[in-house]
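Chemist: Each chain is listed here by its residues.
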Amino acid sequence: MVSNVSDYKTDVHNDWCPGCGDFGIVSAIQMALAEMEIPRHKAAIFSGVGCSGKTSHYLNVYGVHTLHGRVLPFSQGAKLANPEMTVVAVGGDGDGLGIGAGHFVAAGRRNVDMTYLIFNNGVYGLTKGQASPTLKLGLKTKSLPEPNVNQSVNPIALAIASGFTFVARGYAYDVRQLKDLIIAAVKHRGLSFLDVLQPCPTYNDINTRDWFSGMDNIDEMTNRPRPRIYKLEDVEYDPVVHIDSPEEENEKLTQALIKSNEWDSKIPTGIFYKNDIAASYDERMSERIPNYLENPPAYQEISSGGKSITDISKMLDKLEI
Amino acid sequence: MSSIDLTWVIGGPQGGGVETAANIFAGACAGCGLKVFGKREYYSNIKGEHSYFGVRVSDKTIRSNVRGITMLVGFDAETLFRHADDVFDDGAIVYESDLSEMQIDEVHTLDAQFKERLKKYLLSKNKPFTIQGSLDEAKERGVTLYPVSFKEILSNLSDETKNPKIRGMFRMQNVLAVSISIGLLGLPPETLLKSVGSIFSRKAEIAEMNKIAANYAYNLATVKYSKFRYQLSSIPKEEHTMLVQGFQSTSLGKIACGCRFQSYYPITPASDESVFLESNEIFEVENNRPGSTLVVQTEDEISAIGMIIGASLTGARSSTSTSGPGFSLMAEALGWAGINEVPIVVTLYQRSGPSTGLPTRHGQDDLQFAIHAGHGDFPRIVYASGDTEEGFYDTAKCFNFADIYQIPVIHMMDKFIASTVSTVKRFDPTKITIERGKLLEKIDALGYQRFTPSPDGISPRSRLGLENGIFWNTGDESDESGHISEDPENRIYKMDKRAHKMDLALERIPKEDLAINYGVSDFCILSWGSTKGPILDAIDMLNKEGYKIGFIQIKMLHPFPTQYVQSLLSGVKKIIDIEANQSGQMGSLLNEYLDRKVDYYILKYTGRPMTCNELFDSVKKIIDNKAEKKQVLTYGV
Chain A
1 MVSNVSDYKT DVHNDWCPGC GDFGIVSAIQ MALAEMEIPR HKAAIFSGVG CSGKTSHYLN
61 VYGVHTLHGR VLPFSQGAKL ANPEMTVVAV GGDGDGLGIG AGHFVAAGRR NVDMTYLIFN
121 NGVYGLTKGQ ASPTLKLGLK TKSLPEPNVN QSVNPIALAI ASGFTFVARG YAYDVRQLKD
181 LIIAAVKHRG LSFLDVLQPC PTYNDINTRD WFSGMDNIDE MTNRPRPRIY KLEDVEYDPV
241 VHIDSPEEEN EKLTQALIKS NEWDSKIPTG IFYKNDIAAS YDERMSERIP NYLENPPAYQ
301 EISSGGKSIT DISKMLDKLE I
Chain B
1 MSSIDLTWVI GGPQGGGVET AANIFAGACA GCGLKVFGKR EYYSNIKGEH SYFGVRVSDK
61 TIRSNVRGIT MLVGFDAETL FRHADDVFDD GAIVYESDLS EMQIDEVHTL DAQFKERLKK
121 YLLSKNKPFT IQGSLDEAKE RGVTLYPVSF KEILSNLSDE TKNPKIRGMF RMQNVLAVSI
181 SIGLLGLPPE TLLKSVGSIF SRKAEIAEMN KIAANYAYNL ATVKYSKFRY QLSSIPKEEH
241 TMLVQGFQST SLGKIACGCR FQSYYPITPA SDESVFLESN EIFEVENNRP GSTLVVQTED
301 EISAIGMIIG ASLTGARSST STSGPGFSLM AEALGWAGIN EVPIVVTLYQ RSGPSTGLPT
361 RHGQDDLQFA IHAGHGDFPR IVYASGDTEE GFYDTAKCFN FADIYQIPVI HMMDKFIAST
421 VSTVKRFDPT KITIERGKLL EKIDALGYQR FTPSPDGISP RSRLGLENGI FWNTGDESDE
481 SGHISEDPEN RIYKMDKRAH KMDLALERIP KEDLAINYGV SDFCILSWGS TKGPILDAID
541 MLNKEGYKIG FIQIKMLHPF PTQYVQSLLS GVKKIIDIEA NQSGQMGSLL NEYLDRKVDY
601 YILKYTGRPM TCNELFDSVK KIIDNKAEKK QVLTYGV
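Just so you know, the protein sequences line up as chains A and B, in that order. So the first sequence is numbered by my numbering: it starts at 1 and just counts up by one. So the second sequence is numbered by my numbering: it starts at 1 and just counts up by one.
In short, the hints are calculated from the structure, not lab data. Owing to the predicted nature of the structure, the values given are computational and were not obtained by experimental measurement. We treat Cβ as the ideally placed atom computed from N, Cα and C, and that holds for glycine. You may find that some hints are simply not true.
Said to hold, decoys possible - Under 7 angstroms between C-beta atoms, here's a sample of chain A residues computed to sit facing chain B:
#: 1; residue: His-57
#: 2; residue: Val-64
#: 3; residue: Phe-74
#: 4; residue: Met-315
Working from the sequences, and respecting the hints, build out all of it.
Modeler: Have a look at this one:
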């Protein structure tokens, strides 16, 4: 079965602002699903609350628009109960790194085999532009009464510190690269994180599309803008943990952390860190429950003719006197 | 032969083996065919604070604790200070003889309020503020004292068995104390040794050492001390009796009825259930592959409920187990499950609130909260179990309710049930049914819509992964396919569709599952949850004195079975509301739903469960027309 990108689109009216970076992300997800030929009923998109929360309604696969900050609990529960599903969770930076930050860290520790995309625009768009956790200290975006008084969180560094085994960054206006990153993230066995830089044309008047393209930073020699965004693959950066040793892992984690601190004039995109050696949650669970993947919670038979078929007699025997 | 009914209490510092001792005692008695009903009381503390375990033993059915102690066992000063005055005049105290000179002020774990009360009491009895003072007070009332030097026993035992290690094994005092008690009470040594063996079954060497100690202490008791005035004796054992802790009932119910996903965040007293599930995560399934429960410990209760909603969307029966503070965090997600018609079960082991409250103590504090938790109007079922046995069967019912009506179900349990150890009839899994409602296994036609209208308002439910079954969910109001809709007419359709399920539930759920009628009379008790045991025991006592009293145990608290309860109350003159909370939370429901008001309240909110004696006294006062409208019970330390 050859899949078309259009198969993954719904006819739900899209009400994002014109020029919003979110459009590029939805397209990239649709393209990635089509390219991987994932049957529509085998994929589920979970979303948080905010503009990005509507993403699940624009994708013609199982779509679960959850609560503010809680997309990771909902989606992990579904993936754990039915490991056959391709699960992609999406949400804003406020959703994932503000109200949901605890879940972000805990999810990293678990390493469930799924993908999490953060739509990172530095503002709370749907509530009219308040500062989000990724907005840099001292910036005063359009609707802020005063400059941002908080330090920003570094999503890539936090993901790495929390134990995500695939950490990458994409850019909403580079749909092709983003699609490839999504495919790599989904194919990765374990929890993959994608920080997607997604300019908000309405409320973030600082980190705009032009800003990312370097329109404010013209090279005097060539008279052309110096783009801030660059690709890690173009600078011979190797994100992969190749051998199972603490030294190798430390080296890769450290270089990723250093890279994650680049901002302002040079902003890296691409894969920062990839560890295929660390066991995913389902692999760890399979050691305890050998048939977990063949007989997961969603597919277990529990009754016959309305009667329980679970045999608890041994447990009851133990309690008998 | 007159019937046996006595209460044995052992106390000691938390972490010192009191629970093990009580379990051995309970096992030894149950092994002789006797019924036991034990409860554990403890502080929110890991080591050092006072904990105690009371085991009531009888040859007839018992469902509650009583006021007073027949035999108290203490090898630390605090136990003796705390409980000596509660020993019946014809009771006994088995105690560490070294302690007699200990002063009240030397015991740092005694709180100031208690010290003051105790000193006042001893002063009134003209006794010094020492253990000897407390013991003398008891002795003068007629209490038999059994001084025991546990250190000496350990030392002798060490010499006799040529095992120098035993001399320093102070934890073994527990086994010695139990064995001496069993000896004094006249039960045979065989069941004692069997119980010791089974408690330490995982550690063969320790089991052996403890058996030797048990045997030694048992013999010592029969040789050295005079027999206690009350003697226990074996009676024919009823077949298939189990000795169960309350929390095991809902755990076993979940496994039996097919709950295959449980997530939780650690909280007293709920987490024991999840730990039990994880300890028994793999099991046999008839004519099938082995089954398993996936138990996930989450970062908080918000995540716990989020995960079970996600798991339930895949068709797996899913639940979480928590207590008040955790349930508070779940409120928002409960509404999400409500608006999206997702079946989940939240097992709510209540304790004393508000806030952290009395974290290890009992309370029925969360009824009104369970009914109202979450913003906005959405349907849910709040269902309460009265004891361990109900806990097992009701768990299965709760999952059926959740699946049939596609709603969140809150199963009300509490700390009293959770930490009760009692003899119950073996659970019978063939008695439970599994009804999954309109959950779909297969969808052939195109055009499936999750919230499609249907005559009874409940739409066929697809699950993540099912071909042709794609749907959308959202916390926003949504249309039939699950996409966001702010259309006013759609809003009415969806709100009414969901609300209608409450009427449907009351219509379809059999009366005996809504409330249990133990008989009505002029005076009728209405109650819910774990007050059941003390109430039934109190009624037995009242009947013996010629008092007639009715009792209706309400199980379905929401939606409230107004019609049925109303019909039961038609001949009743006075309604007595009995609850373990301060405001009479079920009483408010009665006042709201019935066309009459509660006449009398009997409430207890000390964090300690009600005893049948307290209820006997307070109900009797009501019938004798000597009671205030509200009586507050206080017994227990």
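Chemist: Now look at each hint and say whether the structure bears it out.
Modeler: Hint by hint, here is what the structure shows:
Of the supplied interface hints, the one on A:His-57 holds, with its beta-carbon coming within about 5 angstroms of a beta-carbon of chain B, less than 7 angstroms. The interface hint given for A:Val-64 holds, since its Cβ lies 5 angstroms from the closest Cβ of chain B, which is under the 7 angstroms cut-off. Nearest Cβ of chain B to the Cβ of A:Phe-74: about 4 angstroms, under the 7 angstroms cut. The hint holds. Hint status for A:Met-315: holds, given a least beta-carbon distance of 6 angstroms to chain B, under 7 angstroms.
When the structure is compared with the earlier hints, no violation turns up for any of them.
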